[in-house]
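J.: According to this note's numbering, the stretch in the sequence shown is residues 723 to 821, in order.
Keep in mind the hints are simulated off the structure, nothing from the lab. Don't take every hint at face value.
[Claimed, not checked] The calculated lysine-lysine pairs, modelled on DSSO-like cross-linking and capped at a C-alpha distance of 30 Å, are:
{"no.": "1", "residue 1": "K737", "residue 2": "K791"}
{"no.": "2", "residue 1": "K791", "residue 2": "K777"}
{"no.": "3", "residue 1": "K787", "residue 2": "K777"}
{"no.": "4", "residue 1": "K792", "residue 2": "K737"}
{"no.": "5", "residue 1": "K777", "residue 2": "K792"}
{"no.": "6", "residue 1": "K787", "residue 2": "K771"}
{"no.": "7", "residue 1": "K771", "residue 2": "K737"}
{"no.": "8", "residue 1": "K792", "residue 2": "K771"}
{"no.": "9", "residue 1": "K777", "residue 2": "K737"}
{"no.": "10", "residue 1": "K791", "residue 2": "K771"}
{"no.": "11", "residue 1": "K737", "residue 2": "K787"}
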Amino acid sequence: MLDLDRYVNNSIEVKIAGEIYDILEPTLAVNMEVNRIEEDLTEENLFEKRVDVAKLFLDHNRQGKIFSKKEITAIPFEGITQLLAEISTMRTKAENDPN
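Let's have the full structure, built from the sequences with the hints guiding it.
T.: This is the structure in structure tokens:
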């Protein structure tokens with residue numbers, strides 16, 4: 723049986739400013755929004771686009787927390803890079819795992 727709830731409920735814990743949030747696996751809608759954000763990605767707007775994608779991913783959490791861009795830009799670049807890598811791993815796993 724293909725259990726889609728396994729994907730809907732899949733999350734990773736992320737600690738930000740002492741609080742732990744369950745960041746959910748990106749939905750198709752979230753992935754489509756990532757594609758829209760990145761369609762005009764250039765070297766000049768790389769940081770802005772990374773902030774936009776990080777916000778989109780972080781806002782997709784079980785707790786319902788909506789992060790401000792100010793909160794996200796306070797995270798070191800390496801932290802944002804690691805967050806995006808972890809979420810990308812979740813996306814890749816979903817694409818390669820039939821259940």
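J.: All hints are to be evaluated individually against the structure, with a verdict given for each.
T.: Going down the list of hints, with the structure as the test:
{"no.": "1", "hint": "K737 to K791", "result": "holds, 17 Å"}
{"no.": "2", "hint": "K791 to K777", "result": "holds, 7 Å"}
{"no.": "3", "hint": "K787 to K777", "result": "holds, 11 Å"}
{"no.": "4", "hint": "K792 to K737", "result": "holds, 16 Å"}
{"no.": "5", "hint": "K777 to K792", "result": "holds, 10 Å"}
{"no.": "6", "hint": "K787 to K771", "result": "holds, 20 Å"}
{"no.": "7", "hint": "K771 to K737", "result": "holds, 22 Å"}
{"no.": "8", "hint": "K792 to K771", "result": "holds, 14 Å"}
{"no.": "9", "hint": "K777 to K737", "result": "holds, 14 Å"}
{"no.": "10", "hint": "K791 to K771", "result": "holds, 12 Å"}
{"no.": "11", "hint": "K737 to K787", "result": "holds, 13 Å"}
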